[in-house]
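All chains, full assembly: derive it from the sequences and hints.
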Amino acid sequence: MSLYDGSLDVPGILKEWYEAELTSNYGAYIPFVGTVRSEDGIDGLSFDIYEPILKSWFDNWQDKAKQKGAVIKMAHSRGDVMLHESSYIAAVFSPKRRVALEFIDEFVEDFKASAPIWKYDLKNGQRVYAKDRSTAIKGSGILGAK
Amino acid sequence: MSLYDGSLDVPGILKEWYEAELTSNYGAYIPFVGTVRSEDGIDGLSFDIYEPILKSWFDNWQDKAKQKGAVIKMAHSRGDVMLHESSYIAAVFSPKRRVALEFIDEFVEDFKASAPIWKYDLKNGQRVYAKDRSTAIKGSGILGAK
Amino acid sequence: MNKKEDVVLVRVEFLGPIQKDALELEIVNLNELAAILQKDEEVKEWLDNCAVAVNDNLVTSLECELKNGDKISLLPPVCGG
Amino acid sequence: MNKKEDVVLVRVEFLGPIQKDALELEIVNLNELAAILQKDEEVKEWLDNCAVAVNDNLVTSLECELKNGDKISLLPPVCGG
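From first to last, the protein sequence lines are chains A, B, C and D.
Note that the working numbering has the first sequence beginning at 1, numbered continuously upward.
Note that the working numbering has the second sequence beginning at 147, numbered continuously upward.
Note that the working numbering has the third sequence beginning at 293, numbered continuously upward.
Note that the working numbering has the fourth sequence beginning at 374, numbered continuously upward.
Source of the hints: derived by calculation from the structure; they are not laboratory data.
These figures come from a predicted structure and were not determined experimentally.
Please note that the accuracy of each hint is not assured.
If the Cβ cut is set under 10 Å, some of the chain A residues that face chain D in the computed set are [stated by the list, open to error]:
{"id": "1", "residue": "Tyr4"}
{"id": "2", "residue": "Gly6"}
{"id": "3", "residue": "Leu54"}
{"id": "4", "residue": "Ala113"}
{"id": "5", "residue": "Ile117"}
{"id": "6", "residue": "Ser140"}
Every residue, glycine too, gets a C-beta built ideally from N, C-alpha and C.
Structure (structure tokens):
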């Protein structure tokens, strides 16, 4: 897992990961690349990350991948990422395609629901929490009024 | 769709596709990369392609992708591809992640079942049709004895 | 009264691993082709698993009239990737 | 008989968009934390949607004894990618 300040060098990271696993005998390599879209007049997005819990969340997924003979890689941006730049890459390597196809889907969905990362819209010089697009982590609310 | 003689330059192709769609406002880019695994003592694989039907099969998928606001890309090798080299890349770009995650899975599976490409093991200087790993195209058998 | 223009000559191609040269046949439908190929020792074993295309379009029934110059392709089981 | 070593001092951190400095609190369980934060106007509105971690492990119940030096984190709704 690698965190970067600002946008990701997608071709460079995809190449680095591909070459790192070239002789590991994986038959399938499936990266997922997330790029900032122009919508609602934003200039870009910005991210806060809480690294200790992100790391344990990721390590847990890496263990699950290992049990299926697969390996996961992930890169994410901290701070500002402008329109048409990329902020997120996840990838699965596995011996056979089915495991990789299922894993990348499950991993990306759980990432969206659980990874301790907060997204802000950059708009008119403001940094506005993307509350409506955010998901409460499973088990949230225990401190709320009964 | 691009066909290449021999193995694919994976980093180069992933980069080319990423850069080609950089300002198309797709939020998700999911490539699938297929690499030749060492198994059963093979030295590599070799491929025959029947291009006219591959092209119409691909164009049909491109139309399906378009209807969902997505775009598909594909590269495949002709001829020999040695161990730990790659012979296949497919990729989906789409505005949102769900479409891309579902599309890459459906596309890759239908590719395996329908694309007119024949695979041979390269082993002891022979080129042996990978009969056991091959799938009869849907609708096969009409010329067989009733 | 066999006028020249009544002759229907089609080309049959065997793709991928089927080791057989193309045939030129005078047939008017796929039923005739099936009858011929079922007697061909080289091809017989492939027929139950072959898809058939006429002019590069896959067909799924033998009810298909052929025209002069049609190209018929036999596609054995595939495995791309 | 309040011996020094009996004091349980924990640190409470508010992550991401919650605009609030960390608190140092003398509490022995999460029930006490809930009671305190429900009276805090700045934080109150977040509580129904916040996950809670003790020493960077997510917890899903208030039945959790706290030790001196524990770190408690509040995680509001997330959206990586």
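Hint numbers not upheld by this structure, sorted from lowest to highest: When the structure is compared with the hints, numbers 1 and 2 turn out to be violated.
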